[in-house]
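Below are the chains, spelled out letter by letter.
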Amino acid sequence: MSDILDVAVRLAAVFVAFLVLPLVLGQTEHKVMAHMQGRLGPMYAGGFHGWAQLMADAVKFAQKEDIVPAGADRRIFQLAPAVALLPYLLVLVVIPIGPGNAVGEFIDAGIFFVLAVLGIGVLGSLMAGWASANKFSLLGGLRTAAQLMAYELPMLLAAASVAMAAGTLSLPGILEAFHWWWVPWQIVGGLVFFTAGLAELQRPPFDMPVADSEIIFGAYTEYTGLRFALFLLAEFAGIVVLCALTTVLFLGGWHGPFGADGLGPVWTLLKTALLAFVVIWLRVSYPRLREDQLQKLAWTVLIPLALAQIALTGVVKVVIQ
Amino acid sequence: MTGTADVTALAANAHGFLSPAGVEILFLLVGIVTLGAAVVTVTTKQLVHAALWLVAALGGLAVEYLLLTAEFIAWVQVLIYVGSVVVLLLFGLMLTKAPIGRSPDADSGNRWAALAVAVAAAAALVWVVVDAFRATWIDLDGAVQGSTKVSGESLFRYWVLPFEALSVLLLAALVGAIVLSRRDIDGGTKKQPGTTGKAGKADKGGKH
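Residue numbers (UniProt numbering), protein chains in the order written: chain S, 1 to 321; chain W, 1 to 208.
Same shape as in the complex, but just chain S:
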């Protein structure tokens, strides 16, 4: 009985985090972008500095009409937002936030699970792009698929480097093995992983699949109301997942300069928040790349760097044994 209760409490905690963190991040993006551009951002909803803006947005989205285009493939069109969103919920379950067993569910091959499930989310964009029966959506879907071929390999290689260093594929296991000097040791892999992750999330400067000034909003052009909100939520949940993963794999997760036991979750959240800020910062400051520029970046910069990181990891690993 207590086992069932334990699992239920953990899953409930993950679900709450899944609902709250993306909203907090969305609000932060509103405010950070605004201040970086010399604006104030939302100021009225909820009173204090517009803190309730996203809830107001949610109410607005819920009131909108849910339109399915006449020429669309109905079922796939309606299924796509769920396919895009659910993988991020599943990934959050296995991310450890503190020492001991402060993790939703321990999985032996955690890295593989995370990367595999994240790959499924892309199917949501592809389904949406094809099923909308709209040329802009189809272009967005095509760009999504092309982008996946560019970032998937460097992302895997960078993650493999950490797994080699730790000698395990499980995320809590990697954190158990972590020492502070891993950060400079794995920094190149970390940068590759983070960059590839940005491309996976279709965030600027890699937002060609949704490029609103070229192809309106890519695969999401035909979506309205709640289904569109689900895609937006998937994007923010994706940022949370990517930042948390980079924290766990490359920045030592719950390890901090002091208070290792009690403050573990605080360090995790702090590092994740810092990375999320960088994601927003990049959106404000970088222009959009072209699809072929991303391919060139991935195949001529990211993959060689990731391979060099793996070689370095192997050499250091052999030397210190």
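Worth flagging that the hints you see were computed from the coordinates, not collected in a lab.
Please read all numbers here as calculations on a predicted model, not as lab measurements.
All C-beta atoms in this analysis are idealised placements derived from N, C-alpha and C, irrespective of residue type, glycine included.
Heads up, some of the hints might be wrong.
To be verified - Partial chain W-side listing against chain S, Cβ under 10 Å, derived:
| no. | residue |
| --- | --- |
| 1 | 49 |
| 2 | 63 |
| 3 | 75 |
| 4 | 79 |
| 5 | 83 |
| 6 | 84 |
| 7 | 90 |
| 8 | 100 |
| 9 | 101 |
| 10 | 103 |
| 11 | 121 |
| 12 | 122 |
| 13 | 125 |
| 14 | 126 |
| 15 | 146 |
Put chain W on the given structure of chain S with help from the hints.
Relative to chain S, chain W alone:
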């Protein structure tokens, strides 16, 4: 696989063939769903739906691996097949403007020959697997037999030669793909405008 004969005999005595434990019933149900998805994949006339049913079939297979405690293989299955192969398939379908709705010409005169080959292949596989593993049982309460550690050890200790042979085969395929997609490799640069259908791929291996 590596279990000695007496252990398997003991295990076979302890379990009847297909004794209905919860996990086995679940295994069969998932298997039926997977088979159904696979059949729809090859019979549906909507091209993109076929690719999406393939996702269901491959995902069902991953669940079967999980039920057999082969956790590592299950996630690799999802990562490679669902995450990459199906995305490539969909990419190809989108490039060919796969129409929404039925494609009346999505049919082949070879369907009976294909069915015969599929049935023969399935029969051979089922026969081999049943013959090899009929008396093998997984002890769910004992040490995990499909964890990363166990898979890695058996792969790099007992099966290292097939593994390396496969990697050489894949390397050959990779080199072959690059050679096929590069048009400037024989007799200088004879690039004709208008035949740049594979330019995106060719540039990857060619220019930089």
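Indices of hints not satisfied (ascending): Hints 2, 10, 11, 12, 13 and 14 contradicted; others consistent.
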